[in-house]
Amino acid sequence: MKRRFMLATAILGLAVVGTLPAFAKTQVTWWHAMTGANNEVVDKIAKDFNASQQDYEIVPVFKGTYPETLNAGIAAFRAGQPPDIMQVFDVGTGVMMSAEGAVKPVAEVLTEAGMIFDKSQYLPGIVAYYSRPDGTMLSFPYNSSSPILYFNKDIFQKAGLDINNPPKTWNEVWDAARKIKASGAAPCGYTSTWLTWIHLENFAAWNNTPYATKENGLAGQDAELQINAPLFVNHFQALADLAKDGTFKYGGRTSEAKQIFLAGECGIFTESSGGLGDIVKSGMNYGIGQLPYDTDAPGAPQNTIPGGASLWVFGGKSADQYKGVAQFFAYLSKTEVQTFLHQKSGYLPVTLAAYDETKKSGFYEKNPGRETPITQMLGKEPTANSRGVRLVNLPQVRDIENEEFEKMLAGEQTAQQALDNAVKRGNDAIKQALGN
Amino acid sequence: MNRAIFPHKLLPYLLLAPQLAITLVFFYWPAGQALKQSLLREDPFGLKTQFVGLANFKRVLADPAYLNSIKVTAVFSVATAFISMAIALLLAVQAEKIIRGKTLYRTLMIWPYAVAPAIAGMLWLFMFNPSFGTLAYPLRQMGIHWDPLLNGPQAMTMIVMAASWKQISYNFLFFVAGLQAIPKTLIEAAAIDGARGFRRFRTIVFPLLAPTSFFLLVINTVYALFDTFGIIHAVTGGGPGKATETLVYKVYNDGFVNLILGDSAAQSVILMVIVIALTALQFRYIEKRVHYG
Chain C
1 MKRRFMLATA ILGLAVVGTL PAFAKTQVTW WHAMTGANNE VVDKIAKDFN ASQQDYEIVP
61 VFKGTYPETL NAGIAAFRAG QPPDIMQVFD VGTGVMMSAE GAVKPVAEVL TEAGMIFDKS
121 QYLPGIVAYY SRPDGTMLSF PYNSSSPILY FNKDIFQKAG LDINNPPKTW NEVWDAARKI
181 KASGAAPCGY TSTWLTWIHL ENFAAWNNTP YATKENGLAG QDAELQINAP LFVNHFQALA
241 DLAKDGTFKY GGRTSEAKQI FLAGECGIFT ESSGGLGDIV KSGMNYGIGQ LPYDTDAPGA
301 PQNTIPGGAS LWVFGGKSAD QYKGVAQFFA YLSKTEVQTF LHQKSGYLPV TLAAYDETKK
361 SGFYEKNPGR ETPITQMLGK EPTANSRGVR LVNLPQVRDI ENEEFEKMLA GEQTAQQALD
421 NAVKRGNDAI KQALGN
Chain L
1 MNRAIFPHKL LPYLLLAPQL AITLVFFYWP AGQALKQSLL REDPFGLKTQ FVGLANFKRV
61 LADPAYLNSI KVTAVFSVAT AFISMAIALL LAVQAEKIIR GKTLYRTLMI WPYAVAPAIA
121 GMLWLFMFNP SFGTLAYPLR QMGIHWDPLL NGPQAMTMIV MAASWKQISY NFLFFVAGLQ
181 AIPKTLIEAA AIDGARGFRR FRTIVFPLLA PTSFFLLVIN TVYALFDTFG IIHAVTGGGP
241 GKATETLVYK VYNDGFVNLI LGDSAAQSVI LMVIVIALTA LQFRYIEKRV HYG
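Residue numbers (this note's numbering), protein chains in the order written: chain C, 1 to 436; chain L, 1 to 293.
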């Protein structure tokens with residue numbers, strides 16, 4: 001009885017296989033964390049790639065927030081079922097880099113597929129960030145972003161502020177925010193997404209101040225945090241003071257504050273350039289400015305560090321699948337795909353050709369401010385303080401920092417206490433993660 | 001009890017097999033994995049593994065954040081169990097008094113139980129969102145500075161409310177059954193003796209509901225301890241600071257966000273011990289004390 005059943009299943013299975021087209025496409029799975037306007041970009045790119053050739057089919061799968069996607073990928077790897085491509089956010093880079101053997105360097109994937117990988121065609125700062133110290137590119141920079149300043153022009157006008165001259169320094173931001181609140185133009189002056197990324201990691205690079213020892217962890221894993229230096233303390237004390245009467249409004253640990261800005265509650269907003277798609281979609285009368293810098297920092301502004309995410313390839317897949325991955329990356333590098341990605345989502349183009357193409361097309365003249373995230377990242381040769389931040393457990397360190405900020409913004413501790421605690425707890429966590 | 005006679009030696013085992021398989025695969029195997037993991041130190045991808053004995057337990061128990069989450073869990077569970085049981089009892093007693101449409105009321109009362117924890121959390125999050133929440137607005141009108149994003153006690157209040165709301169239905173159901181099991185003659189006799197409503201409740205109804213209440217107390221505590229992850233994850237994510245990080249949430253956070261698998265596994269083993277103790281307690285007392293009519 002049982003044997004007959006199995007036989008029947010086998011025949012049925014054969015019949016199903018037999019009906020498939022002779023040229024079965026190799027599926028390449030791509031786990032990502034893109035929502036809203038950026039998710040539409042992912043779907044369009046996948047659809048266009050699938051239509052552009054016969055052999056491979058890219059299957060994008062939304063896996064939740066950035067941390068959730070990373071965890072899903074790790075869990076899948078442990079279960080022996082990892083996707084082919086996974087999008088990992090900038091802070092997860094250290095985690096992925098320490099997972100030698102679990103991932104296959106993108107440079108290897110491309111050369112094995114017989115493609116010439118010419119680094120000089122890519123934006124230098126971004127590629128360097130996602131490369132091993134020896135220069136091997138480990139992951140493909142899919143969406144690179146840089147934090148910028150957005151402002152609501154209607155609120156600015158109501159408050160009597162100049163819409164053609166957005167605040168350039170943090171002190172100017174605080175003043176403008178107070179004016180917005182005092183004039184009643186909006187219930188709150190300023191809000192920000194990602195305090196850790198914008199107000200610590202980028203704040204440090206942009207003001208040419210170290211975030212951690214060992215070149216922010218790029219020169220060695222056993223780095224120690226230095227975020228309780230006076231420059232940081234003064235900055236966060238200003239934020240904490242503004243939070244008392246609601247001039248600064250806290251939205252949450254990641255990008256929740258975007259809703260506050262979109263609802264017209266606050267007039268000024270710092271957020272990733274990748275958040276642009278949703279702001280454009282909302283139809284708001286917005287303006288863009290450079291990320292503000294601190295006037296107390298000599299040499300500021302320096303340059304911002306790449307944020308966003310890159311695509312990692314898991315190891316242990318078949319040669320055919322890697323070919324598909326390589327084809328897809330080659331497609332992603334195409335000038336027209338990069339220009340589309342850049343202009344639609346606000347993420348940076350990763351190739352120089354796409355940047356030039358966008359420049360030539362007059363896009364930046366028509367859309368003032370859209371070049372800002374690129375110029376602020378590439379404007380100056382990076383220093384030891386501004387090449388990037390890489391800690392083996394940066395997601396955890398960010399969590400610790402967020403917890404201390406929340407206690408500070410609730411008025412339970414001063415900025416000095418918050419940052420001292422963050423340094424102490426963060427350093428302990430780094431030591432533990434390294435096994436010391 | 002009659003001893004069932006099976007003609008075949010294998011048959012009883014075969015009949016039990018599906019249940020045994022489920023227990024093995026979904027309970028014993030993961031529990032064993034957790035035990036094993038709690039003695040290891042491993043990188044997130046499982047590429048390097050090292051046996052460390054009880055070091056993970058030592059570190060977890062010495063961690064001030066762990067002691068904090070024990071406190072948070074105690075406050076959260078006691079508040080949730082008390083509020084959900086008190087309100088359910090009140091509603092059950094009131095529902096008894098209704099003459100018309102009793103079944104309709106009861107059915108409506110049971111609905112929230114069918115709502116998934118994460119959705120219940122989102123619901124309360126929307127109602128009490130400081131920016132656009134419909135219920136946050138009147139709070140602000142009353143002069144309350146409502147900001148659960150930064151105010152720990154307010155965040156705790158919000159998750160307690162969401163968790164209690166979801167559990168009221170379940171408690172209501174048991175209290176209604178408990179109330180129906182109380183002989184009407186007792187209450188009528190008391191009424192004839194001149195006992196008024198609240199006195200009848202205090203001296204007759206409430207003591208006779210004790211077994212039900214005790215059973216619900218254990219169930220609600222277990223619920224608050226283990227089934228509220230979805231609510232906390234959706235509403236506060238453990239924040240602000242660590243104000244709403246319960247033991248279960250910390251297991252998740254350390255294991256899946258911070259990727260410290262050994263610590264996370266050690267914590268889940270400690271939780272496992274707590275569950276076993278609670279279950280033992282329930283069996284010892286409830287099996288002895290409860291008399292169903």
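Read the hints as simulated data drawn from the structure, not as lab findings. Predicted model, so just to flag it, every value in this text is computed and none were measured. Among the hints, a few may not be true.
[Said to hold, decoys possible] Residues on chain L that point at chain C, a partial pick, calculated with CB under 7 Å:
hint, residue
1, PHE45
2, LEU47
3, THR49
4, PHE126
5, MET127
6, SER131
7, LEU149
8, LEU281
Just so you know, even glycine gets a beta-carbon here, dropped at the ideal spot from N, CA and C.
For each hint, the structure was consulted:
1. PHE45: holds (5 Å)
2. LEU47: holds (6 Å)
3. THR49: violated (12 Å)
4. PHE126: violated (12 Å)
5. MET127: Violated - the Cβ of L/MET127 stays beyond 7 Å from chain C, reaching only about 16 Å at its closest.
6. SER131: At about 6 Å, which falls below the 7 Å cut-off, the nearest Cβ of chain C leaves the hint on L/SER131 intact, so it holds.
7. LEU149: holds (6 Å)
8. LEU281: At about 34 Å, which exceeds the 7 Å cut-off, the nearest Cβ of chain C leaves the hint on L/LEU281 violated.
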